[in-house]
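One letter stands for each residue in the lines below.
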Amino acid sequence: MIKVKIEFLGGLDVISNKQREHKLIIDKEEGEATMKDVISAICEKIIADEKDIPVFIEDETVRPGILVLINDTDWELEDGENYVIESGDVFTFTSTLHGG
Amino acid sequence: MPVESKPEKKLKVTALCELCHGRKAVMKRPKNLQKLCKECFYKVFETEIHNTITDANLFQYGETVAIGASGGKDSTVLASIMKTLNERYNYGLKLVLLSIDEGIVGYRDDSLDTVKRNKIQYDMPLEIVSYKELYNWSMDEIVACSGMRNSCTYCGVLRRQALDRGAAKLNINHIVTGHNADDMAETVLMNILRGDTKRLEKSCSILTESADSPIKRSKPFKYTYQKEIVLYAHYKKLDYFSTECSYAPEAFRGTTRELLKALEANRPSIIMDIIYSGEHFELKRKKQTVSYKNKKKDETQINADGSISLNKDFTKANKCEKCGYLSSNKLCKACVLLGGLEANRAKITLDTDTSVEGAAKLTRTLEHLSF
Ligand code: SF4
Ligand SMILES: [Zn+2]
Ligand SMILES: [Zn+2]
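Sequences listed follow chains H and E, in order.
For the first sequence, this note's numbering gives the first residue as 78, with consecutive numbering after it.
For the second sequence, this note's numbering gives the first residue as -16, with consecutive numbering after it.
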């Protein structure tokens, strides 16, 4: 079991009943799960209304315009979707599209 | 929350900052794909904006400048950066926060709380101008009366004038806004897509001084990527507000934004490239021709897309007859719009207390009904 923390910022909390922080448990052994598992777990367990999934996902990955940080580092520098997750990791998703 | 200590991962060499080569890189610049640590990112981000400001000669020493502040990420970062640069490089500016209260319950009232905190955090005076005070109409009332479809058209015209009036009241003739490179590319693209060549030519200027407004406006973030603004706000833990306005943003802008984001995902430099194209776009001057059409037009005409055309026949007067605001027409755009609304308000009897607050929701529900 891998325990991680999810944050929705920049207005993205609209997809999770306005709750910005979530704990998430991934049912795999350390070393076996990647960012991909986190993304699908978010869709299954956190997004309140199925209709909101397209706000988060496009073409099977995180929608362009949503900034993804893994422990405060841009996920582009951490292998993106292939990042191997560990317990205690913090994943931050920030919408850059909301508000000005 | 339990704090789990975990063994530090070994740093790969590729994970180091490409500027200082000492700290871990945390971000990749969309502009040039350079990987930077937090400290170097701050430095590069701030220095680039300083260079934009000095290259364009935006400010004069001693000038008082109003920061158009909405509580959103762009204007919050702008206020923070203006304060930082003003102190670091001794611009000698007096900075004031200028906010507009459109009168949108659940959106603007919350974001104004953010601005009020910013006032304290950045130690700047704050002036709030409200539509209700200025025009006797709040956006909620306007939407209740005319529907959501044109809300942004109304809002845009009213905001422009409200900012001017707020600045004039404070004796300020320069407003900086948080428009960033993504916004600018979006505007260029949008104007190309809908053939609005007249706006296209002007859409990239960093400083605008127009005959329609006594106040100059400038955009210190013209070359600053949205992604970097969001990262800067995040790493610096700036206090910003990010709830979407209750009224649907202009549909076409939304479509253009999606398109731009999709393009950017493949080619991050596209934002700069579009701005570059916009900057070099010049209209071929049309020859003055005598119009053979002899259509009799109304003084004003609201087009299908919600924009407004004014008949320019009596352009000599340069003040609005009704409110005195600068205008090349008899009535300024705001008065024309509001005049139309007043006529409507007389027709609709509103149970103001209950209906106005829920106007957004109600209208949205109504617009989804079909027959
Ligand atoms: S989204 Fe439209 S209605 Fe809402 S504040 Fe912006 S311009 Fe006004
Ligand atoms: Zn560095
Ligand atoms: Zn007027």
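No lab work stands behind these hints: they were computed from the structure.
Bear in mind that the values here come from a model prediction, so they are computed numbers and not experimental data.
Accuracy of the hints is not assured; some may be wrong.
Claimed, not checked - In the DSSO-like style, the derived pairs of lysine-lysine whose C-alpha atoms are separated by at most 30 Å in a straight line are:
| no. | chain 1 | residue 1 | chain 2 | residue 2 |
| --- | --- | --- | --- | --- |
| 1 | E | Lys313 | H | Lys82 |
| 2 | H | Lys122 | E | Lys220 |
| 3 | E | Lys199 | E | Lys14 |
| 4 | E | Lys220 | E | Lys102 |
| 5 | H | Lys105 | E | Lys7 |
| 6 | H | Lys113 | E | Lys199 |
| 7 | E | Lys267 | E | Lys220 |
Verify the proposed pairing of Lys113 (chain H) with Lys199 (chain E), using a straight-line Cα cut of 30 Å.
-> Violated. Lys113 (chain H) to Lys199 (chain E) sits at ~49 Å, over the 30 Å cutoff.
Does the alpha-carbon distance linking Lys313 (chain E) and Lys82 (chain H) stay inside the 30 Å limit?
-> Not satisfied, since the Cα-Cα distance of roughly 60 Å exceeds 30 Å.
Do the alpha carbons of Lys220 (chain E) and Lys102 (chain E) lie within 30 Å of each other, as the hint requires?
-> holds, 16 Å
Restraint check for Lys122 (chain H) with Lys220 (chain E), where alpha carbons must lie at most 30 Å apart | The given pair, whose Cα atoms are some 28 Å apart, holds under the 30 Å limit.
Could you grab the alpha-carbon distance between Lys105 (chain H) and Lys7 (chain E) and see if it respects the 30 Å cut-off?
-> holds, 29 Å
Quickly compare the C-alpha distance for Lys199 (chain E) and Lys14 (chain E) to 30 Å and report which way the hint goes.
-> holds, 28 Å
Quickly compare the C-alpha distance for Lys267 (chain E) and Lys220 (chain E) to 30 Å and report which way the hint goes.
-> It is violated: about 47 Å lies between the C-alpha atoms, which goes past 30 Å.
Checked against the numbered hints listed earlier, the structure breaks hints 1, 6 and 7; every other hint is satisfied.
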